[in-house]
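Novice: Here is how the chains run, residue by residue.
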Amino acid sequence: MIRAITSLAALGALVLGGGLWITAPDRVDPDAVAGLVGVPARGKDVFDAGGCASCHAAEGATGEARLILSGGRAFATPFGSFRAPNISQDPDHGIGGWDLADLVNAMRYGTSPQGQHYYPAFPYTSYSRATLQDIADLQAYLVTLPADATPDQPHDLGFPFTIRRGLGLWKALYLDHGWTVTGELTAAENRGRYLAEALGHCAECHTPRGPLGALDHDRWLGGAPNPSGSGTIPNITPARLDWSEADIVAYFTSGFTPDYDTAGGSMAEVVQNLAQMPEADRAALAAYLKRLAPVD
Amino acid sequence: MTKGLTIIGAVLGLAIAAGAATGQDAQQKALNDATKARQAQMQLYAFNLGQLGAMAKGDVAYDSDAASAAATNLASLARLDQRRLWPEGSDDMSVDGSRALPALWENLPDVMSKGSDLVTAATAMEAAAGTDLASLQAAMGAVGGACGACHKAYRTPSN
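Those protein sequences? They're chains A and B, same order as listed.
Throughout the first sequence, residue numbering follows the numbering used here, covering 1 to 296 in sequence.
Throughout the second sequence, residue numbering follows the numbering used here, covering 1001 to 1159 in sequence.
The following block holds chain B by itself, in its conformation from the complex (with noise of 0.2 Å):
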C-alpha cells in the first residue's frame, strides 16, 4: 500500500515537473517568438532604407516611383503597433540572439519618444522621395539619426 502510493506520488510529481516544463517552454518560446518577429521588422526597414541610400548615395538611378513605394512602406512599418513584439524578458540576457538591452524595459517612455521620432522622421521621408533627389537626400539624415538613437541606447554591440 505505501509502496503503492509512493509510486503514485512520485507520477504525479513527474505529471507537475512536466508540465512546468512545458509551461517555461512554452514561455521561452513566446519570448523568442516575438525577438524574430522584431527582428524581421528590422530587416523591412533595412530593406526599404537601403532602396533610398542607394539612390540617396548615387549607386542607383533616381526614381520617384520606387522612392515614394520604399519611404511608404518604411513610415508605414514605423507606424506598427509592436507592443506584443517587446514582451519583457526578451532581452540579451534571456533569448539567444537578442541585442536588446535590459535598459530599454526601465525606460520605456524614453523608448516609446524614440519611436515616435522615427515616425516623424519617415513621415517626412515619405514627403520627400517622391519630390525629388536632394529632397530624398536630406530627408536621410533624420531617419538615420532616429534609428541610432535607439541602438546607442538600448542595443549591445555584437561581432
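Chain A on its own, in the form it takes in the complex (with noise of 0.2 Å):
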C-alpha cells in the first residue's frame, strides 16, 4: 500500500517536473548573439518586411506617426481580444532596456525578459525563423525611433487562456523554425520564402488554423476567415491568384490590382509596408507566391 503511494507521488511528480519542463519559455544562448553587429539601414528593412508599425503603431496613425510604436490597437480573435504593447524606446513602458537577447528571445521563442511566455498574436510563431543578424539590424534600427510613455492596456481574454504557462505546452507543440514550402528552390524564391514565412508572417492571416490556432500546413496560404471580422482573406497559391509575376509586384508597389481596383482592410497597411521594401524582395515574394502548392 505504502508502496503504491510511493509510486504514485513519484509518478505525480514525473508528471508536474515534465509538465514544467514542457511548459517553460525556452531562450537563446547568450554566446550566440554576443558578437552582433546591427546595421540600423539594414534593420528599416526588417522592419518593414516585419511590419512592425502596423500593430504597434497607434490606430490610424499615417506617415512619421507610424514610427511611434506606442502600442494599443486592439485585436479581436476567438479567444478573446490582444491589445498590441508599447515597443517604443521609452524604458518603463516600452522596451528601451532591451539588450539583443531579450529581442530575440522575443522574436524567435516568444518568450519576454522576465521569462514569460507571449501570447502567439505576436507572430513569433513565423519570426522563430528570422535571422539573428537581422533581429541584431532590427534592434539597431528600432533603438533609433522615438520613446512615447503610453502604458500597456491589458489583454482582455477568457479563461482558460488567462494562464500564460499553458502556452508553454501550445509552443511545444505548434512552434518550430522549419519551412513549409521545400524542395530546390531559386535565390529568388528563397528570399521570397524568408520573408513570406519568417518576416512577412502571411500565413498568420491567409492560412487557415486548427481549433487550437495552430496553422494547417498542408492549406498554406489557401486562404482563410477574417481573424479580426467578416469576409474571407484571400487564397493567394496559384489554384486561385492567377496574376503574372509583374503583376503582384506591381500591386506591392502601388496597391492596385491588375484591374485597378485596390488594396482593403489590413492588406492595405502590409501594400504600405512593402511599398518601402527594396523591389528585389517584392519580386522575390511574388516568385515565392509562383512556388506555391495549389490550394482548391
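Hints may be right or wrong, so weigh each one.
As the list claims (entries may be wrong) - Keeping only pairs whose Cα atoms sit at most 20 Å apart, straight-line, the calculated SDA-like set for lysine to any residue is:
1) B:K1057 <-> A:T253
2) B:K1057 <-> A:D261
3) B:K1057 <-> A:W243
4) B:K1114 <-> A:A61
5) B:K1114 <-> A:W243
6) B:K1057 <-> A:E279
7) B:K1114 <-> A:T62
8) B:K1114 <-> A:G63
9) B:K1114 <-> A:Q276
10) B:K1057 <-> A:T257
11) B:K1114 <-> A:E59
These are computed hints drawn from the structure, not numbers from a lab.
Given two chains presented individually in distinct reference frames, assemble the corresponding complex, making use of the accompanying hints.
Specialist: So this is what it looks like as C-alpha cells:
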C-alpha cells in the first residue's frame, strides 16, 4: 500500500516535473548573439518586411507617426481581445531597456525578459525563422525610433487562455523553426520564402487554423476566415491567384490589382510596408507565391 | 356566423402578411439596386484608371488625348452625387455581394472626407494626364491612395 502511494507520488512528481519542463520558456544561448553588430539601415528593411508598425503604431497613425510604436491597437480573436504593447524606446513603458538577447528571445521564442510566454497574437511563430543578424539589424534600427510613455493596456481574454504557462505546451506543439515550402528553390524563391514565412508572416492571416489556433500547413496560404471581422482572407496560391509576377510586384508597389481595384482592409496596411521594401524583395515574394502548392 | 368571421379574419391576416412581405421585398430590392449601382460606379472608376495605369506602366504608348479623356471621366465619376447609392442597411451583413462594412455608416464625416480626397486626387489627375507621361505617373499614387484609404477602413476582404 505504502509502496503504491510512493509510486503514485513519484509518478505525480514526474508528470508535474515534465509538465513544468515542457511549459518552461525557451531562450537563446547568449553566446550566439554576443558578437553581432546591427546596421540600422538594414534594420529598417527588416522593420518594413516584418510589418512591425502595422500592429504597434497607434490605430490610424500615418506617415512619420507610424514610427511611434506606442501600441494599444485591439485585435479581436476567438480567444478574446489582444492589445498590442508599447515597443517604443521608453525604458518604463516600452522596450528601451532591452538588449539584443531580449529581442531575440521575444521574436524567436516568444519569451519575455521576465521569462513569461507571449501570446501568439505576436507572430513569433513566424519570426522564429528570422536570422539573428536580421534581429540585430532590427534592434539597431529600433533604438533610433522615438520613445513614447503610453502604458500598456491589458489583454481581455477568457479562461483558460489567461494562464500563460499553458502556452508552453502550445509552443511545444506548434512553435518550430523550419520551412513550409521545401525542395529546390531559386535564389529569388528562397529569399521570398524567408520574407513570407519568417518576417512577413503572411500565413498568419492567409492560412486557415485548427481549433487550437495552429496553422494548417496542408492548406498553406490557401485562404482563411478574416481573423478580425467579416469576410474571407483570399487564397493566394496559384489555384486562385492567376496574376503574373509583374502584376504581383505592381500590387505590392502601388496597391492596384491588375483590374485596378485596390488593396483594402489589413492588406492596405501590408502594402504600405511592402511599398517601402527594396524592389528585389517584392519580386522575390512574387516568385515565392508562384512556387506555392495550389490549394483548391 | 362565427365561422364566416374566422374566414374573413384569416383572409385579412393573409392579406396583411402579404402586404408586409411586399413592403420588405421592395425595401430589400431598393438596397440591392443601390448596391449594384455603386458597384457599377466602381467598375467605371476601375475601367478609366485601367486606361491611365496601362500608360503609366508602359504597357500602352502614352496618348495625351486618351489620357485626358480617361482622367476627365474619372474626375466626373468622383464628383457624382452618390447620396442615394449608399442607403443605410446596404452593408455586407444585409445585402448579398455587398462588401461595405457597417462601420461606414457609423463614420459618415470620415467617409465624406475620404470621398473629397478622391475628388482632389482625380481633379489633379485631370490636370496632369494630358500634360505628359511623367505628370500622369506622378498623379497615380494619390488616386490609388484615396481609393485605398476607403477600402482599408470600410471594405471587408473577399476571396
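Novice: Could you run down the list of hints and mark each one as holding or not?
Specialist: Tested hints:
Restraint check: the Cα-Cα separation between B:K1057 and A:T253 comes to about 12 Å, which is no more than 20 Å; the hinted pair holds. A C-alpha spacing of about 16 Å is found between B:K1057 and A:D261, which places the hinted pair at or below 20 Å, so the restraint holds. Between B:K1057 and A:W243 the alpha-carbon distance is near 16 Å, which keeps this suggested pair within the 20 Å criterion. Restraint check for B:K1114 and A:A61: the C-alpha separation of about 15 Å stays at or below 20 Å, so the hint holds.
Between the alpha carbons of B:K1114 and A:W243 the distance comes to roughly 29 Å, so the proposed pair goes past 20 Å and is violated. For the hint pairing B:K1057 with A:E279, the CA-to-CA distance comes to about 15 Å; that is within 20 Å, so the pair holds. Of the supplied pair hints, the one linking B:K1114 and A:T62 holds, its CA atoms being roughly 14 Å apart against a limit of 20 Å. At roughly 17 Å between alpha-carbon atoms, B:K1114 and A:G63 fall within 20 Å of each other, so this suggested pair holds.
The straight-line distance between the Cα atoms of B:K1114 and A:Q276 is roughly 23 Å, outside the 20 Å bound, and the hint therefore fails. Proximity of B:K1057 to A:T257 is assessed by CA-CA distance (about 13 Å); at most 20 Å being required, the pair is judged to hold. A hinted pair counts as satisfied when its Cα atoms are at most 20 Å apart, and B:K1114 with A:E59 qualifies at roughly 17 Å.
In this structure, the hints that do not hold are numbers 5, 9, in rising order.
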